[in-house]
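Mapping of the sequence shown onto my numbering: position 207 corresponds to residue 426, and the numbering continues sequentially without gaps.
Keep in mind the hints are simulated off the structure, nothing from the lab. Every residue, glycine too, gets a C-beta built ideally from N, C-alpha and C. One should not assume that every hint holds.
[To be verified] Pair ranges (Cβ atoms, derived): (1) E292 <-> G426: 39 to 45 Å; (2) R388 <-> Q313: 16 to 22 Å; (3) A366 <-> A280: 17 to 23 Å; (4) Q401 <-> D352: 32 to 38 Å; (5) G390 <-> E292: 25 to 31 Å; (6) D421 <-> T350: 34 to 40 Å; (7) P391 <-> M220: 35 to 41 Å.
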Amino acid sequence: MELVTDAAEAGRLALAIAGAPVVGFDCEFLSQDRLIPQLCLLQLCYEDASGPQVALVDALAVDVRPLALALPEPPLPVAHAPRQDLQLLAARFQISMPRVFDPQTAAAFLGLGDQVGYSRLVAELLGVELTKDSQWTDWAARPLSPAQLRYACSDVLHLLPLHRELVSRLGPRLGWVAAECQRLAEVARAAAEVREEDAWEDVAGSGGLTPRATSAVMALAAWRLATLHVQAVEGFSGTVSLTVGSLPAGITVTVTPATVNLSTEGTADWAHWGLTGAGSFNHKSGITQQIS
């Protein structure tokens, strides 16, 4: 197992996985209070002439884009229950993996259970018991602890033998699994492609507002989506909170961090949303304002 923390090593690894026939992967990320989750660690498993290789790539230290772009083609990507991972990679790097193989989906076609967990599947098919000691942990904390590294390694170490075992059992049902995995990848990609004009629909409680308050929600949600799609790749960790206030006709808006300035960084067409401009509300950091 190697921990990749520099660009040169990441570039070498990208070439290695691009030349591998099958690559297992997993993502560790933080999603709390983030429109686009923060990718913290990318785990990869592949085989070369010397045998199985596991690489843990510190996504907070190096640009993982070359690695992400190498995953869909030509190797066959293998990931367990990967909907969230696929959605994250699609949002950050605009990639899709229609050929992904999901062991959880394959297990369902074999009658091993619906939504069966990775640990249980590894135990049943490979006879290996996995620890769960770091299943819930802060993946943004640095340095990563030995327990975190062990957990991250085990999360991908068994993906390739699991893939081989499942394929050997599937027989003619492999085509059905491939079709279902392709549909899963399409759903994940579609979820990552929310349009700016539709982003407001994800703001809880946005129904029943006045036309002006609705316009404010639309403008802010569109700006937030456009800004975070760009800045998430650059490590942006701020949040723009849009919360409907206690009054049914208003909305409260909180903007953080202090570096965010809606009037200069905004991409929304304020007039289109029924506002006179960014000055229609107080956009200073930390301000909570009622718009009615």
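Hints and how they fare:
1. E292 <-> G426: 39 to 45 Å: 42 Å, holds
2. R388 <-> Q313: 16 to 22 Å: 35 Å, violated
3. A366 <-> A280: 17 to 23 Å: 20 Å, holds
4. Q401 <-> D352: 32 to 38 Å: 35 Å, holds
5. G390 <-> E292: 25 to 31 Å: Because 26 Å falls inside the window, the suggested range holds.
6. D421 <-> T350: 34 to 40 Å: Between D421 and T350, where Cβ atoms are some 36 Å apart, the hint holds.
7. P391 <-> M220: 35 to 41 Å: 37 Å, holds
Checked against the numbered hints given earlier, this structure breaks only hint 2.
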